[in-house]
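Protein sequence lines, in the order shown, are assigned to chains A and B. According to the working numbering, the first sequence is numbered sequentially starting from 1. According to the working numbering, the second sequence is numbered sequentially starting from 110.
If you are wondering where the hints come from, they were derived from the structure by calculation, not from laboratory data. In this text the structure is predicted, and so the values were computed from the model without any measurement. Warning: the hint list may mix true and false statements.
[Said to hold, decoys possible] Listed below are the simulated EDC-like cross-link pairs for lysine to aspartate or glutamate, each with C-alpha atoms no more than 20 Å apart in a straight line:
1. A/K69 to A/E14
2. B/K208 to A/E14
3. B/K208 to A/E55
4. B/K110 to A/E66
5. B/K122 to B/E184
6. A/K52 to A/E66
7. A/K3 to A/E66
8. B/K166 to A/E31
9. A/K108 to A/E14
10. A/K52 to B/E209
[Unchecked claim] Rough simulated footprint, nothing fancy, chain A against chain B, three-plus residues with beta-carbon under 8 Å:
11. 134 to 145
12. 167 to 179
13. 197 to 203
14. 212 to 222
Glycine included, every Cβ here is placed at the ideal spot set by N, Cα and C.
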Amino acid sequence: DAKTTQPTSMDCAEGRAANLPCNHSTISGNEYVYWYRQIHSQGPQYIIHGLKNNETNEMASLIITEDRKSSTLILPHATLRDTAVYYCGPKAAGNKLTFGGGTRVLVKP
Amino acid sequence: KAGVTQTPRYLIKTRGQQVTLSCSPISGHRSVSWYQQTPGQGLQFLFEYFSETQRNKGNFPGRFSGRQFSNSRSEMNVSTLELGDSALYLCASSLEGQKETQYFGPGTRLLVL
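In isolation and in its complexed conformation, chain A is listed as follows (with noise of 0.2 Å):
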């Protein structure tokens, strides 16, 4: 399975960008990477996913790398309710998700 390392912990000010880093430099070529978050032990809940372009949605923007070797989450404008655990990590063959051990986000007023 492919390796995936996350920063442990993070704060952000609200309404400041939140620039979470995901180390996955043991992906495969046709492994999409996909970003999860989960409050309080709920179900994961899907932020976004990309494969080599730089990808944009509601929620958040996904920076990938050129070698795909990483990726960064951008929440744009951080409020409380964005206070969650990250995971990032790629789907592998076999419709498997693996995650890395999750980055633990505050945000502070």
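With the hints as your guide, set chain B onto chain A.
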């Protein structure tokens, strides 16, 4: 559309017992995957079902099994429960295949005493 639903939400069992967890996917989704999440091991893939057939399987012992019904609803069963089986069990559904996004249910929290 209603999201993925899982029942029960919480469960307490004792060692040696068995347990059955249920998952109803998003309407129209035919793939259902099961994951185990623990603080120590993180998210681990159990198996995936598609069209009533197990399509992929993770590295779990045979005590963990599942099935899928014709309406795409799925159940997973754990027999001879061990203390280490205490975890959050998550079900995720997707339309069909590898390129589709998986959407998770709220999970079933199982405590084995």
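Right, here's what the structure says about each hint:
| no. | hint | in the structure |
| --- | --- | --- |
| 1 | A/K69 to A/E14 | violated (29 Å) |
| 2 | B/K208 to A/E14 | violated (34 Å) |
| 3 | B/K208 to A/E55 | holds (15 Å) |
| 4 | B/K110 to A/E66 | violated (36 Å) |
| 5 | B/K122 to B/E184 | holds (17 Å) |
| 6 | A/K52 to A/E66 | holds (7 Å) |
| 7 | A/K3 to A/E66 | holds (18 Å) |
| 8 | B/K166 to A/E31 | holds (18 Å) |
| 9 | A/K108 to A/E14 | holds (6 Å) |
| 10 | A/K52 to B/E209 | holds (16 Å) |
| 11 | 134 to 145 | holds (count 3) |
| 12 | 167 to 179 | violated (count 1) |
| 13 | 197 to 203 | holds (count 4) |
| 14 | 212 to 222 | holds (count 6) |
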